[in-house]
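Put chains D, A and G on the given structure of chain C with help from the hints.
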Amino acid sequence: MGLKVENLTVYYQTLRGDVRALEHASFQLADGEIMGLAGESGCGKPPLGHSLIVLFPPMKYIAGRVEVDGEEIPIWDAEGMNTYRFRKISLIPQYAMNAMNPIRKIGKMIGELLEARGVDYKDMLPELKRRLDLVSLPHEVLNMYPIELSGGMKQRMVMVISSLLNPSLLIADEITSALDVATQKAVAEMLVEFRERQFINNLIVITHDISILYQIADSILIMYAGVLAEKAPTKSIIESPRHPYTRLLISSLPEVGVRFAEKRLMGIPGNPPLLLNPPAGCRFRERCPLAYERCLEEPPFIEVDKDHFVACWKEYENHAQAR
Amino acid sequence: MLRLDKVSKIYRVGAFGGKALLAVNKVSFEVHKGQVVSLIGESGSGKSTIGKMILRLLKPSEGKITYNGEDIGGFEGEALKNYYRQVQGVFQDPFSSYNPIFKADRIFRVVHEEFFPQVSAAEWGERVEKALSSVGLNPAHVLNKYPHQLSGGQLQRFLIARALLLNISFLVADEIISMLDASTRIDVLNLLADLKAYGLSILFITHDLSLAYYISEQAVILYKGNVAEQGAVEKIFNNPLHPYTRMLMESVPRLDRKWEKGVRLVDRDVENLRTGCPYYQRCPVAEPRCALSQPPLVEVEQDHWVACVHYESGADVLKPPALAG
Amino acid sequence: MRRYLIRKIVIYALTFFLAVTVDWLIPRFMPGDPIRNMLTRVSVASNATAIQMMYDYYARLFGLDLPLWQQYLNFWKALFQGDLGISTYLFPTPVVDVLKRAVPYDVFLLVPAILLGWYTGNKFGAFAARSKRLDNFVLPLSYILTATPYMWLGILLAWFFGIVLGIFPIAGAYSFSLRPTLSLTFALDLLHHWFLPFASIFIIEFGGWAIGMRNMIIYELEAEYSRYLNALGSPKSLVRKYAFNNAILPQITGLALKLGVIVAGALVTEVVFSYPGIGYLLLAAIQNQDYFLIQGCFLFIILGVLIANFVIDLVYLVVDPRTRRGMVGESA
Amino acid sequence: MKKRSEVLYFTLRNKKLLIGSGIILIFLILALIGPSFTQYKPLDYASPRGAEPPSAKFWMGTTFFGQDVFSQFVNGLRATFVVGLLGGGLGTLVGMLIGFTAGYRGGIVDEILNAFTNIVLVIPTLAVLLIIAAYLQVRSLMMECLFIGLTAWPWAARAIRAQTFSLRTRDFVDLAKLSGMKPLRIIRDEIAPNMMSYLVLVFILQFGGAILTAATLDFIGLGPTNTISLGLMMQYAVLWGALPFGMWWWFVPPGLAITAIVGALYSMNVGLDEIFNPKLREI
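Residue numbers (numbering that gives the first Met the number 0), protein chains in the order written: chain C, 0 to 322; chain D, 0 to 324; chain A, 0 to 331; chain G, 0 to 282.
Chain C with its partners taken away, still in its complex shape (with noise of 0.2 Å):
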C-alpha cells in the first residue's frame, strides 16, 4: 500500500507571518519505492520530509492527510505521532553524527530505547547483530561510545537504529552529505539492500545531489518554492523531464567528461522566491524561460504520462492535446 500523501500544507511561524514551506503536496509510494526528494535549499524538502515524522513548533500543521499501508497517521498530533515513530516510520536524521547519547554506551542506549517502547532487548539482540554484519560494524560497537566510533561508523550505526523495528516508512535526510565518496557510495548502497531484505517498505531520500538518487532511488520529486514540481521514475526525471524547473536543474549539473573549453553549461539565472509572501501562480514563473499568461494560475499538478507528474501549464495543455 505503501505512503500516500493527500494536501499536505504545513508552515514555518515567524515574527512576520507564515512562512508557507510546503503547500498542497499529494503524491503516493507504491509498495516498496525508494523515492528520492530533490530540490535547491528553501524548497521545502525538511518540511515535507519532517512533518511526516516529527512536526513541532516551528512547523504548523495546516491541512492535508497522510496515509501509511492504509492507515491514516495523526501527523498533526505530537503526542499521538509516538504510537507511529519508529515502529511505522522512522528518521535517519541529518545530524546522525551526534544523534546518539554521548555517555551512554551504545548498547546500553538502544536496549533503553528498546524498553521504553516496549520490545525486549535481549529478544532483538540476535537481529541488532545479524544487521551490524550487514552495514559492517562489529559485535563490539554495542559496548562502546558514540565518541570511539569514526564518522562513517555512526552513521552505520544510526541507519541499524533507526530501521531495528521494521518501519513501513524510513526517512533519510541528507544521509550522505557529511561523508566522503567511498562511504557515501558504501551507505547508499546499504539503504539499498535494506529494502531488498524488506526491513523498510518505503525510503524517502532527501538529498540536494540528484546524482546520488540517480543511483539508488526508484523515483524523484522535485520541488520547488515549497510546492511539488515534478515527480516521475527516476529514468524519466534525468532522460526526459518535463518541468522547465527539472530540465534547468539537470542540465546544470557538472556532467562528468566536459570541459568548460568545449562546451560551457549554464545554470538557472534568478533566485526562488521568498514563502512569507510567495508569488501567485506558479512559482517558478519569474525564472521559466516557457512562462506565460496562464501562469499566474497555480498549476495543477497531473500526470501525464505513466507516474509522471508535472505542475506545469506547459506539460497540462499538451497532455489535453494528445488526449
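Hints were generated in silico from the structure; no laboratory data involved. Do not rely on the hints blindly, as some may be mistaken.
Stated by the list, open to error - Taking lysine-lysine and the BS3-like style, the derived pairs with C-alpha atoms no more than 30 Å apart in a straight line are:
{"#": "1", "chain 1": "C", "residue 1": "Lys87", "chain 2": "A", "residue 2": "Lys235"}
{"#": "2", "chain 1": "C", "residue 1": "Lys234", "chain 2": "D", "residue 2": "Lys260"}
{"#": "3", "chain 1": "C", "residue 1": "Lys3", "chain 2": "C", "residue 2": "Lys262"}
Stated by the list, open to error - Covered, in the sense of this in silico footprint (three residues per stretch, anywhere, with C-beta under 8 Å from a C-beta of chain A), are these stretches of chain G:
{"#": "4", "region": "106 to 120"}
{"#": "5", "region": "218 to 228"}
{"#": "6", "region": "234 to 246"}
C-beta atoms are modelled at their ideal positions from N, C-alpha and C, and glycine is treated no differently.
Quick look at chains D, A and G alone, frame taken from chain C:
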C-alpha cells in the same frame, strides 16, 4: 609563478603538543600564469591546509613556497601586503566569510582602507560597481545588504569581486561551490573560467574530480596529505592510475553511469602505520611490500606522475580490470 | 586518562605553590612594618617577657635580616614541618592547633550544606524544567536566592527563627552551659545550633544549582541526541533522563569552579552565627591583627578547596566516559 | 535592518529584561538623588535617642547610635553601584584582555594563560582579598574596586577565550588577514563586535558578582575604611545587637537592596540572553 617545493605541514595536537599529525607531506607543484590547477581530495587530505599555507594563514613546517621566485615565508609588513595585492582567496562557506553583523559590502570598504587609502570614495564606488558588474551582479540589487539577505552564490561572487578590486594574479578557490545550490554552482564555476581567460592563475581546491576536469589543466590528487597522482588533468581523468584515484572515479555518483554493484570497501587493520604507502589501509590491490615503504612519485608518461609500487620502474603496470575488484 | 590526571595534578601543584607564595609575599610587601604595626596596635599579652618572646619570635620568623630567598625557603620548610607560627590572639597556642580545633565544625557545617544543596538543587532544577507553570514559579525564586548575600539570609533566618519565633539559638556551636561530651543531649544541642547556619548556606546553594540545572537541561533537551529520541517516539521520561545525565556533568565541573565562592560565603555565615569554624576564626584573627593566624587560615582554606577540587575531578573521571577513555583532553 | 528591528521587538516584549532594568533604574535614581533628600550625613549622630523605628523624620529609622539609616542606605547604594561599575568593569576588561589574547593567539600562549586562569579560578579569591585587605590599614572604595576587579576575571576570561576560539576559525577572520589587518584590529573590528551581546552579559554578571563580593568584604569589616556601604551597615547591625533588639529596619534594607539589584541583574541577563539567542525565544 607559484611554486611549492616539498612542502610539509605538521600539526601539534593534544596537550602541550604531545602528538604530531602529518597533514601535508612533501607536496610539490607549480602553477603557471593563466593556469588552473586543481587540488583534489577528500576531507582530511590536506588540500585546504595547502591553500592556507599559500595564503600565509599557516606556516609550512618544512619546504618552501615561492611566488615569482621569492620565498613567501619571508614577506613581512609592506612586502606581505604587496603579496596580498596579488594573491587572494575565496573559501568554502560563503556565510562564514562575512561578519554577520556588518553589511556584506563592508569587505570592499576594508580593501579600500587597507590597500587604496589614496583613492577617493567616489572613485572607489565606481570601481566597486565595475567589479560587481564584471562578476555578473547588479550593484543596485546587492549593495547595502546584510549577508543573510543575499544568496550563497551572490556572496561568493562578492568575494571574487573583492579579489578583482585588488587586481590579483593568483586566486586560491577553496571548495567555493560545494555549498552552493546546483543551479548557481555552474555560474560561479564559469566565472572562474572566464577570469582565467584574462590571465588569472587559480588553485582550484575540490573533492569533485569532474569539476576539476571541467575547469583545470593540471590536477594533484591528495590522500592523507600525500600526493597520490599528479599531472595533466586529461591524462589523469582518462587514464587514472593510482588505486585511490580509480576508487574516487568509481564512487563519485554520476548521472551517466550507475555504480558498479558489489564492490566492498577494504579496511585493513593497521595500527599506526608509520612506514609504507598511505593508502595501504584501504587499497584493494595492496601487496605486503606496500606496508614497508612509501612509494615515490614516478613519471609514468609525460606529465603524469603516480606514487604506487605497481608503477615503479620495472614493475608490471597494473591493468585497469585488476583494480576493480 | 593518565594524561588528564597528570595535567590536573600539575595545575593543583602550581596553584598551591602560587598560593603559598602569595601568602608569604603579602606581609612582606604591604606598606608598613608588620611587626611594629602588630605590636604597637595590639596588646596581646600582658607581661613583658611574653611580648619580648613574641618579638623575638617574629623577628626570627620574618627574618628581615636574612636575604629574601632564604626567608622564602624557610617559610616552605616551616610549612612542611607543620609549623605555621604562633597565634598572637590566642597566645601561645600554635596556629596549627587553633586551626585543628576549628576544622571539625567546618566539615560538619560545609560538607552537608554544599553536597545537599548541590544534589537537591539539581534534582529540583530538572524537575522545574518539566512544566511551564512550575518553571515560572521556580525560576524567579531561584534567581532571588542566588542573588541573596549569604550573610543577609543568615541574618534574616537568625532574626526570624531565633528572635521572633525563638525556636533556634543564634550563636555558637553549642550551649554555654554544656561541655563537649559524647552524650545525646550534647549531640542534639549541637544539631540545634547547627541548623540555622546550615540552612542559610543550603538555601542559597539550592537556588543556584536549581537555576544552573534548569538552564542546562533545557539546552540538553534541544541537543541532537534528544531530537533523535523524540523522532523515534521515546517517552518523555527517557529523554529527560538522558538530558539529566548529560546536564549533570557540567554541574559537577561547576561545583569545582564555584567551591571558592561557596567557601567564602560559608565564612561569613559562620561570622553571623558566631559558629566556631575557620570563618569565625579568620574574623577574630583579622580584628586582632593576628597575622600568623590569618596566614594559617588562608593556607588552610586553599588546601581544603584544592583537595575538594581534586576529589571532584576524580568523580568526574568516573562519571564521564569520554574523559575515562581518554578521548577528550580537556573537558573540565 | 530587519535584524535590528527584530531585536528591538524582542527587547520591548521581554518582561525579564524590562523588570530587571526597571529595578536597577529605581535603585540607581535613589542612589543618585537620595542623598540630597536627607540633611543628615550617613555617620552623623542625628538623633539623640538611638534605635528609633522608621518615622516621618527618619524614613528608615535610626541605628543604635542614632544615625539616620536612610542616609546610610542611599550613600551605601552609591558605593554599591560604584563597586559594581568599576570592579565589575575592571574584571570584564581583564577577562577580555586575557580571553582575547589566549583565544586568538592559541598555541603556547593559550596554554600558559589557560593554566594561569585555572589557577586563579581554583584559589578562593575572597580568601586572597581577605588577607590583602587585612594587611592594609587604610582602604578606599577605589582600592576595593581594584582588588575585586583583579580577582574576579578568571571565569570571564575562560568564557571569552572559548568564544574567541570558535570565532577566529571563521573564514571572515582569515579574510581580514588577507586584507592585511593587524591582529589587534581584527580582534577589535571583527571578533569583538560579534561577541558584543556576550560581552554585555559578562559585564552584567561581573557587576553583580562585584557587588556581592564587596558586600562580603565589607561585612567582615575589610571594606573601605572611610565610607559607608551596604555591607558595612549589615556588619554594624549584627555587631551592635540589631538582632536581639529586633531593629529590622537596620539590617533589612541593605540586604534587600543588594538582593534586588543583583537579582535584577540576573533577570536582565536571562532576558538579554533570550533576545540575543534566537533558540531561547518563546514564540
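(request) Enumerate the violated hints, using their earlier numbering and listing them in ascending order. (result) 3
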